[in-house]
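K.L.:
The lines below spell out each chain.
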Amino acid sequence: LAKTTQPISMDSYEGQEVNITCSHNNIATNDYITWYQQFPSQGPRFIIQGYKTKVTNEVASLFIPADRKSSTLSLPRVSLSDTAVYYCLVGRSGNTPLVFGKGTRLSVIA
Amino acid sequence: EAGVTQFPSHSVIEKGQTVTLRCDPISGHDNLYWYRRVMGKEIKFLLHFVKESKQDESGMPNNRFLAERTGGTYSTLKVQPAELEDSGVYFCASSQEVRLAGMNTEAFFGQGTRLTVV
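Quick mapping for you: the protein sequence lines, in order, are chains X and S.
With my numbering applied, the first sequence covers 84 to 193.
With my numbering applied, the second sequence covers 208 to 325.
Careful: at least some of the hints might be erroneous.
[Stated by the list, open to error] The list that follows gives simulated cross-link-like pairs (lysine-lysine, DSS-like), each with its CA atoms no further than 25 Å apart: (1) S/K248 <-> S/K285; (2) X/K152 <-> S/K251; (3) X/K86 <-> S/K248.
[As the list claims (entries may be wrong)] Derived Cβ-Cβ restraints for the label pairs, each shown as a range: (4) S/T283 <-> X/P159: 23 to 31 Å; (5) X/Y96 <-> S/K222: 44 to 52 Å; (6) X/R188 <-> S/V257: 28 to 36 Å.
By construction, these hints were calculated from the structure, which means they are not laboratory data.
Predicted model, so just to flag it, every value in this text is computed and none were measured.
Using N, Cα and C, we set each Cβ at its ideal position, and we do this for glycine too.
If we strip away everything but chain X, and leave its shape as in the complex, we get (with noise of 0.2 Å):
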């Protein structure tokens, strides 16, 4: 399984564009990158997963450059609610168990 590296922590203020960079060189080609949210107290949330190029949601966009050995995930315009921790996560797609690293830890400040 491809490793990923992260930023350990963090900080925004509130408001601004917020931009974390997952490093993963030994992707695989069938591998897809995916972003989980975690809050304290609570499970992981999926935010986002991509293959290529770039992905928007209603909560997040994935961009991933042509070699697809790193991806950024961008949350626009953050509010203290987005204080968490934010993983990324290389595997196949489907049905295989998702491997975590230590993720980015995020804090949002007023």
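Here the structure of chain X is known, so what remains is to put chain S in place on it, guided by the hints.
P.N.:
Frame of chain X, contents of chain S only:
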């Protein structure tokens, strides 16, 4: 629609006792997973059910852990006898069966059961 529910939310037991955690997946989800996070460590995979069958139990720490999913509905994870190092948060997740290559299916997680062994 009800999400994944886990019971209890928190359990404190003494070393050597038995504890049973329960997970009710989203109705219709064939896949059910157990994960665990020990304090200060990453979330680790324990076990994967497809309906009532164990698809992958490579993450189970040892034979003190027993997971069941009778009838392919809810699942239980029993720890007997519990040891201090079993303390952590146990998460359950469920997802729909993927039948097409490349099809995305997100995993829905419960809020977790915090187990404290003293």
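K.L.:
Next pair to validate is X/K86 with S/K248; report whether the Cα-Cα distance is within 25 Å.
P.N.:
16 Å, holds
K.L.:
Tell me if the straight-line CA distance from S/K248 to S/K285 falls inside 25 Å.
P.N.:
22 Å, holds
K.L.:
Okay, X/R188 versus S/V257 on CB: inside 28 to 36 Å?
P.N.:
For X/R188 and S/V257 the Cβ distance comes to about 33 Å; the hint holds.
K.L.:
Quick check on a hinted range of 44 to 52 Å for X/Y96 and S/K222, using CB atoms only.
P.N.:
46 Å, holds
K.L.:
Taken at face value, is the distance from the CA of S/K251 to the CA of X/K152 at most 25 Å?
P.N.:
Distance of about 24 Å is within 25 Å: holds.
K.L.:
Mind checking the hinted window 23 to 31 Å against the Cβ distance between S/T283 and X/P159?
P.N.:
About 42 Å separates the Cβ atoms of S/T283 and X/P159, which means 23 to 31 Å is violated.
Checked against the numbered hints given earlier, the structure breaks only hint 4 and satisfies all the rest.
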